[in-house]
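Modelling step: build the complete structure from the supplied sequences, incorporating the hints.
Quick note on numbering: the sequence shown equals residues 9 to 255 in the numbering used here.
There may be inaccurate statements among the hints.
[To be verified] With a Cα cut of at most 27 angstroms, we get these calculated BS3-like pairs of lysine-lysine:
1) 190 to 178
2) 236 to 190
3) 178 to 216
[Said to hold, decoys possible] Between beta-carbon pairs, the in silico distance windows are:
4) 129 to 80: 41 to 49 angstroms
5) 232 to 189: 41 to 49 angstroms
6) 176 to 230: 26 to 34 angstroms
7) 228 to 189: 47 to 55 angstroms
8) 87 to 187: 16 to 24 angstroms
9) 215 to 67: 43 to 51 angstroms
10) 34 to 214: 43 to 51 angstroms
11) 232 to 89: 26 to 34 angstroms
12) 150 to 117: 43 to 51 angstroms
13) 89 to 22: 31 to 39 angstroms
14) 22 to 99: 15 to 23 angstroms
15) 15 to 230: 31 to 39 angstroms
16) 103 to 211: 41 to 49 angstroms
17) 15 to 211: 24 to 32 angstroms
None of these hints come from the bench; they were simulated from the model.
The C-beta atom is built at its ideal place from N, Cα and C for all residues, glycine as well.
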Amino acid sequence: MAKAIPAPHVSVFNLRPGRKIGRIYEVVNKLGAGWEGEVYRIREINTGIERAAKLFYPQRNIRNKASRFYAQKLHKLRQCSMLIQYHTEEVFAFKGLQITALISEYVEGDLLLDFVRAAPAGRLSAYRGLHLLYAIVKGIEEVHAMHEYHGDLHPKNIIVSRFGLRFHLKLLDFYHWHGSTKSNRQDDMIDVIRIFYEAIGGKRYYAKQPDAVKNICCGLKRSLILKKFRDIAQLREHLEMLEWDTY
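Laid out in structure tokens, this is it:
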């Protein structure tokens, strides 16, 4: 039996500004990197419109399975307000290899982690934290309503694009292979509450938080949270019943 040929391995792209992606786009700067590949801010050459490109390492995208799955999921969830909008797929040459790039909208803003760190004392007040929680809950509820889930929610993959009376948020790295179940949707809800808990100061400030906050966080004990909120829709309903002006 012939041995399987291993997929080409790329550990880093590090594309420089001005580097072409296909015949349509050029690199502006690198935004980040992860297990699957790298993300770049790019510019459409003919129009000057800026977009984002996710470049997949070939060993993480055998037969384009990962990029296809990712694109199809983003397309399915295109009406969900927290999702970055997918545009198209491009293929370009890199050191003799054909590399797949998914092109999406480019969203300006700050990572939630940096946004919270820049707040006074490096945390949000309970009032602002509740508004943040409500915005995330509303966004994730839309995803769950489409029988999908995120699976890896944390402050490094949420962008705060605008805030004022409301938070305008976008999700990064929306990707998970497994099908949606009640359990992993509940995991999303627990992660959302954990983000809220950390944003308002975490363990250090928890004892001094108002009862409304503690009734949501439940000390981050999964069993207590799930006893109170069966799903993220019920958490959203709970938040809508709060007397917000007292926090």
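Hint check results:
Under the criterion of a C-alpha separation no larger than 27 angstroms, the hint pairing residue 190 with residue 178 is consistent with the structure, at around 23 angstroms. Only pairs whose Cα atoms come within 27 angstroms are accepted, and residue 236 paired with residue 190 is accepted, the gap being roughly 15 angstroms. With a CA separation close to 30 angstroms, the supplied pair residue 178 and residue 216 exceeds the 27 angstroms bound. Distance hint for residue 129 and residue 80: a CB-CB separation of about 43 angstroms, consistent with the stated range 41 to 49 angstroms.
Range check, residue 232 to residue 189: Cβ separation about 21 angstroms, and the 41 to 49 angstroms hint is violated. For the pair residue 176 and residue 230, the beta carbons lie near 29 angstroms from each other, so the given range of 26 to 34 angstroms is met. Between residue 228 and residue 189 the Cβ separation comes to about 22 angstroms, which falls outside the hinted range of 47 to 55 angstroms. At about 20 angstroms, the CB distance of residue 87 to residue 187 agrees with the hint of 16 to 24 angstroms.
A hinted range of 43 to 51 angstroms holds for the C-beta pair residue 215 and residue 67, which are about 48 angstroms apart. Taking the beta carbon of each, residue 34 and residue 214 are about 48 angstroms apart, inside 43 to 51 angstroms as hinted. The hint said 26 to 34 angstroms for the Cβ distance between residue 232 and residue 89, and at roughly 29 angstroms that hint holds. Between residue 150 and residue 117 the beta carbon distance is about 19 angstroms. The supplied range of 43 to 51 angstroms is therefore violated.
Against the hinted window of 31 to 39 angstroms, the Cβ-Cβ separation of residue 89 and residue 22 comes to about 33 angstroms, which satisfies the hint. The hint said 15 to 23 angstroms for the Cβ distance between residue 22 and residue 99, and at roughly 19 angstroms that hint holds. For residue 15 and residue 230, the hinted distance range of 31 to 39 angstroms is satisfied, since their beta carbons lie about 38 angstroms from each other. Our hint of 41 to 49 angstroms for residue 103 and residue 211 holds, since their Cβ atoms are close to 47 angstroms apart.
Judged by the Cβ atoms, the range 24 to 32 angstroms given for residue 15 and residue 211 is violated: they are separated by roughly 43 angstroms.
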